[in-house]
Structures are given as C-alpha cells and as structure tokens.
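J.: Chains as they are written, first to last, in our numbering: chain A, 1 to 256; chain B, 1 to 256; chain C, 1 to 256.
There may be inaccurate statements among the hints.
Since the list can't tell identical chains apart, any single copy or any two copies may satisfy a pair.
Said to hold, decoys possible - Once the Cα atoms are required to be at most 27 Å apart in a straight line, the calculated BS3-like pairs of lysine-lysine come out as:
{"id": "1", "residue 1": "Lys135", "residue 2": "Lys229"}
{"id": "2", "residue 1": "Lys2", "residue 2": "Lys117"}
{"id": "3", "residue 1": "Lys21", "residue 2": "Lys63"}
{"id": "4", "residue 1": "Lys253", "residue 2": "Lys137"}
{"id": "5", "residue 1": "Lys186", "residue 2": "Lys212"}
{"id": "6", "residue 1": "Lys229", "residue 2": "Lys253"}
{"id": "7", "residue 1": "Lys18", "residue 2": "Lys212"}
What the hints contain is simulated information worked out from the structure, not anything from laboratory work.
Take a look at the letters that make up each chain.
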Amino acid sequence: MKFNNRNIQIGENVEIGKNVKIGDNTIIYDNVIIHDDSIICDNCVIGEPLVDYYHNQDYTQPKTIIGRMSLIRSHCIIYAGGEFGNNFTTGHRVTIREYTKIGYHTSIGSYCDLQGKCEIGNYNRFHSYVNIGQKSKTGDYVFIYPFVVLTNDPTPPSNTLEGVTIGDFSQIAAAAVLLPATSIGKHCLISANSVVGGEFANNSFIGGAPAKRICDLNKAPLINRETAKRHYPWPYNFDRGMPWQDIGFAKWKNKQ
Amino acid sequence: MKFNNRNIQIGENVEIGKNVKIGDNTIIYDNVIIHDDSIICDNCVIGEPLVDYYHNQDYTQPKTIIGRMSLIRSHCIIYAGGEFGNNFTTGHRVTIREYTKIGYHTSIGSYCDLQGKCEIGNYNRFHSYVNIGQKSKTGDYVFIYPFVVLTNDPTPPSNTLEGVTIGDFSQIAAAAVLLPATSIGKHCLISANSVVGGEFANNSFIGGAPAKRICDLNKAPLINRETAKRHYPWPYNFDRGMPWQDIGFAKWKNKQ
Amino acid sequence: MKFNNRNIQIGENVEIGKNVKIGDNTIIYDNVIIHDDSIICDNCVIGEPLVDYYHNQDYTQPKTIIGRMSLIRSHCIIYAGGEFGNNFTTGHRVTIREYTKIGYHTSIGSYCDLQGKCEIGNYNRFHSYVNIGQKSKTGDYVFIYPFVVLTNDPTPPSNTLEGVTIGDFSQIAAAAVLLPATSIGKHCLISANSVVGGEFANNSFIGGAPAKRICDLNKAPLINRETAKRHYPWPYNFDRGMPWQDIGFAKWKNKQ
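Turn these sequences into a full structure, and let the hints steer you where they fit.
T.: The following block contains the structure:
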C-alpha cells in the first residue's frame, strides 16, 4: 500500500543505502546519508536546513546520518547535522532540531520535540510529547513518558544553557518537569508531575514539587503485577526490545 | 476553496458513501469504509497500516469504519482497525492508533494522541493535546482538557497495562495526570494539574497531588457566571451540541 | 534547496508582496495578504477556512494579513481572519485559529495551538506546545515556555469565557496552568508547573499549586550565571532579538 515513489524529492549529495524505502511526498535535503534497510515513511523531511539557510547565501548544509534498519514514521522533520544510530525508530510528527545525536535502538514517540544540540543514548524510549531542551544528555535504557520537559535556562530568559543529565536505566514518568542542570543518577524513577531540581544518586525514587528523594527505589513498595514481587530494578522484570531479551538481565549483565 | 480532488490516493476495497468529500493529498488505505456525508480534509491518512505491515509479508489490513456526517480536519492520521460513530469530529494533526473505538458525536481536538485499543464513548469532547493510553475507557459526555494524560503502566516499564476508566458526564481539567487503573465515577470534576490515582465515587470533586475527594461536586461552591447559581451537575447549565440542546437536561433525561 | 514552486495552490483575491517565498505544497486560501520579504515554508495552510465553510453555502472568507519579513515554518495552519505583524516567526506545525491578532517580532514555537480570538503582543516568544485559550491577552516581551496552558472556562463546560491577561515582560515557566480570568502584572515570573489563579501585581515571583506570590521578583535570589548578580528585571541581562539589543535596556527605556 505504501512506498509508491510518488513526489519524492532528493537533494544533492544524498547517499541512500540498499533496500531503503522512502514514502510519498518525502523530501531528503542535501548531504543526507541513509544506511541500509531503513524506512522513511510518507511526508517526512530529512535534513531540514538550519535557520541560517534563510538569511545566509553562503549557507553550508551539515551532514545528516540515519543508521541502518531505522523506521521514521510519517510527517517527521529531522534537521540537518543530526546523527542517528542503527534501529532508530520514531512515531509521527517528531521534530528533531540540528546537531542532535541519538544512539542505536532508540525510539522517539509522536509529537516529540528535541531542540537540538543534545545527546540521547542507546535503547532510549521516549513516549509522545517529550520536549528535550538543548544540552540535555541521557544515558542508555532511559524511558521518558508523555509531557515531560527537560529545561535548560535557570533564569528565563537568559543566555545560560544548563542541560539536564539522566543516567542509565532511569524512568521519568508523565508530566515531570526537570529543571536546568538537574542530574539524575542511574536506575532512578521520577514520579509523574514532579518538579525536579538538583542532583540525585543512583537508585533514587524521586517525587514531589519540589521533588525530593523519597527512598531507595529498590526498597520502594512498587510491585510488579505479574510476579507480585518488587519491580525495580526493572531490567530484571522487563526485556521487550532490550538487548537482554530472552537472555535475562542477570546473564546479559555478566557478559558485559 | 477546498476539495479540488488533487492528489488523492485511494487503496483497494475502500467504500465511500454518498456525498463524501475528500481533501487534497489525502490517502485512504485499504479496507476503509467512510459513510455518507462525511468530510475528510486535506493531508489526512485514513487506515494507516499497523507496524506489522513493515515487517510481515502476510500482513492483513484490518477494516476501518468512519461514521456518517463525520468531519476529520487536516493532517490527521487514523490507523487501521478503528471504528468511529456518526458525527465524529477531529481537530488537526490528531493521531489515533489501531483498534480504537469511538462513539457518535464525539470530538477529538488538535494534536491528540490516542494510543489505540481504547474505547471512547458518545458525545465526548477532547480538547487539544490529550494523550490516551491503551485500555482507557470513557463513558458518555466526558470532556477532557489540554495536556491531560491517561496512563496505564503502574510500574514503568512493564508488561502490565491497566487502563483508566472515566464515567459519564465527568470533566477532567487541564494537565491532570490519571494514574494507571484509576476509576472515576459519573459527574465528577478533576481539578487542573491533579495527579489522580484510585477509585472515586460519582459526583466527586477531586483535586491535588496526590488527588483526594475534596467534596461532593454538587455541593462545591462552583458558580455559573450567567445564572449565579451552582454550575454542577453541569448538564443543567450547558447544552451546546448535547442531545438535550433546546430541550433541557431534565426533560431529556426523563425521556431516556 | 527549498522554494521550488512545486504544487503551490493560491486562492482568489490573494495579495503577495515583493520577494515573498512560498514553499512546496503550501496552500494559500482566498483573501490572504502576505507582505514583502516574507517566507512561507513547505506544507503550510494560510487562510484556513472557518468551520462555517463546511456547512454554509454563503460562507464569506475573512481577510488574513501576514506582516513583512515573516518566517512561517513548515506544516503550520493559520486560519482566516488573523492579523500578524511584521517579523512574525513560527516553528513547525503551529495551529492558529481564526481572528487571532499577533503583534510584530513575535515568535510562536512548534506545536503551539492558539485557539483564536486572542491578542498577543509584540516581541513575545512562545516555546513549543503552548496552548492559548480564546480571549487570552498578552502584553509585549512576554515569554511562555513549553506545556503552558492559558484556560478560559471557570466552570467546564460552560458558555463563560474569561481569558487570561499577562503583562509586559512577564515570564511563564514550563507546564504552568493559568486558570480562567487570571491577571498577571508586568515583570512577573511564574514558576514551572504552578497552578495560577487570581490577580498578581507587577514584579511578582509566583509559584505553587495553588500559586501564591512568593516575593518581589526583583528581590528573589535568582542569580544570572554570567554576571553573578540578580537576573531580574531580566531585560537588563538579556537582549537577544529585543529592541534594546546592543543599546542596553536602560538607554532604550529612556528613549521610549
């Protein structure tokens, strides 16, 4: 049904790998590299020129790289200068501004807005409507839920940009606001609608406005409904799409 | 001005009723039924294939049904497997994932994201940016305001999906987070930005983080500006687009 | 790379100024005026007809005016009846409903949804996902951050619309909910995720749910990272894109 090669526009100096599918009405601007076996769906823009393009006749378009086996769903806008690892997946209508780096096996949900100049790790999963400010950094296996915002300006408006950092395996529940320069350790859980500032150690269960460390997450009474035991650290209880799928986290971890 | 029949793509086995208008650049995928007198505006995708389509050569496209007199505004993406009642209306850029059931006379606002496998009743009105998780259920005459999220995973990330249930006539004010398995009775009002978990009886006025039952909504000092009397239960004071319009709620209710 | 004049649709009675660029697949409906040197990017809709268009054969399309040197990024939908000053800028996928008035040098971020019949001042900057209800009014130099909602119905649902008013230079941090009829003075700062109702004097630092005046903003210990001095009133410390850029706020103010 899809991929009829209607009204596709390809710019100059574009490298398209083997077995790549490109949807109708999609525009690939100059200097884009799409690696093998990737799917770019309908109505996408890949390599959107930076704002400089509109005003500067000497504009040079930075390179954009999409890794192998990626699936970019319809109506996404991905600016030039981005670098995306293998098995990168998006929902619909994602906006990713310039010079964003995203690792492999990461999935960015519908309506997410990444403001550029940020670094997202491997195996991240962002649900819908996640807003990532410039200079944000996430580790690996970080999941962020809807309406979460990672801010960066401590005294708005100002020229200071202090990004948020989130450690491996941490979970940021819906509608949490992460204040500028916040640093979240590994294996943390931030409760829904929290307003979080400051530095938090590994394994913190964090909540409130302003948010505090409630307790050690591994000791929190958060019970997995299937096993009726403690759910955290979650990798022992969830493996869908993770590298330890069908192996088990303990075994996989020992091999690392 | 609209409906010039430019660049419309219609798949196989599509049934289009009498007097249906389809906007420019709209794609109707296979096995879609659009009933009489409906309007599908520009740049929509109806019957978007499920993720399985990309990987499975034996993919079968489920049926999608759009009721009579529907108005789907531009840039919406409606996945296959959905069933939408008569007089279904949307704003712009709505995403409705697979196997969503929506009743009649329901309106879904711009940028809403329905994650699929949920059941929305009749005469619902969702404002912009409402995020509905899988397994959510709403009754009839439910209004949901911007940035509300109905979550479903009690221990993120996990394989457990426990949807939210909202009873007839209930109102969920802006930016409220409804935690997994929350059950809201009929004729409730949830305050803006509340974080709501648990079970709430009919006629509850609910607010806070974590949210509590503040009082019986019908006894809350929430005054209608026009009548200077208590506004709730609201159907006695608001009828625009409701089945009791010009009849009055009391009379209409007696006839039910 | 852009502006190839592919698939552009221009309605009747459209006036397009000198040196205006229009992107591919963009639709300009009837009675739109675009002043000199403006750029309308790809896939935009300018002068989107009002809902009446679908049902009323005698529909008359109101005029839409886009000021000089504007930059409207791709996938925006701007309804008919709007009036936008010079140097108007948008992100992607903005929706601006009918009869919205916006001053000059104002920027509206990606995914913003302005519900129409509102008045936005000069030199405003809205970040992504700002939801502006009908009857809202902002002064000049107002900055609004992601996921902020300006509501208007004090007893939802009702026929009462009481818009929010925000004074010059005020800053509304991420995810704040402004309740109907809220009035914010000049030079205020509202903290992230606050729920704000009532009337607030000039120079208020406002926060909490329900929000209170914390203190005089100019006396709040909010330190500019570069100068190590108090950041507010911010115009003395930030000038990018503001009319006092390279002049200094003090000098500029004296000239007013």
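J.: Does each hint fit the structure? Answer for all of them.
T.: The hints, checked one at a time:
| no. | hint | result |
| --- | --- | --- |
| 1 | Lys135 / Lys229 | between (37 Å within a copy, 24 Å between copies) |
| 2 | Lys2 / Lys117 | between (33 Å within a copy, 23 Å between copies) |
| 3 | Lys21 / Lys63 | both (20 Å within a copy, 25 Å between copies) |
| 4 | Lys253 / Lys137 | within (23 Å within a copy, 39 Å between copies) |
| 5 | Lys186 / Lys212 | within (16 Å within a copy, 32 Å between copies) |
| 6 | Lys229 / Lys253 | within (21 Å within a copy, 48 Å between copies) |
| 7 | Lys18 / Lys212 | neither (50 Å within a copy, 57 Å between copies) |
Checked against the numbered hints listed earlier, the structure breaks hint 7 alone; every other hint is satisfied.
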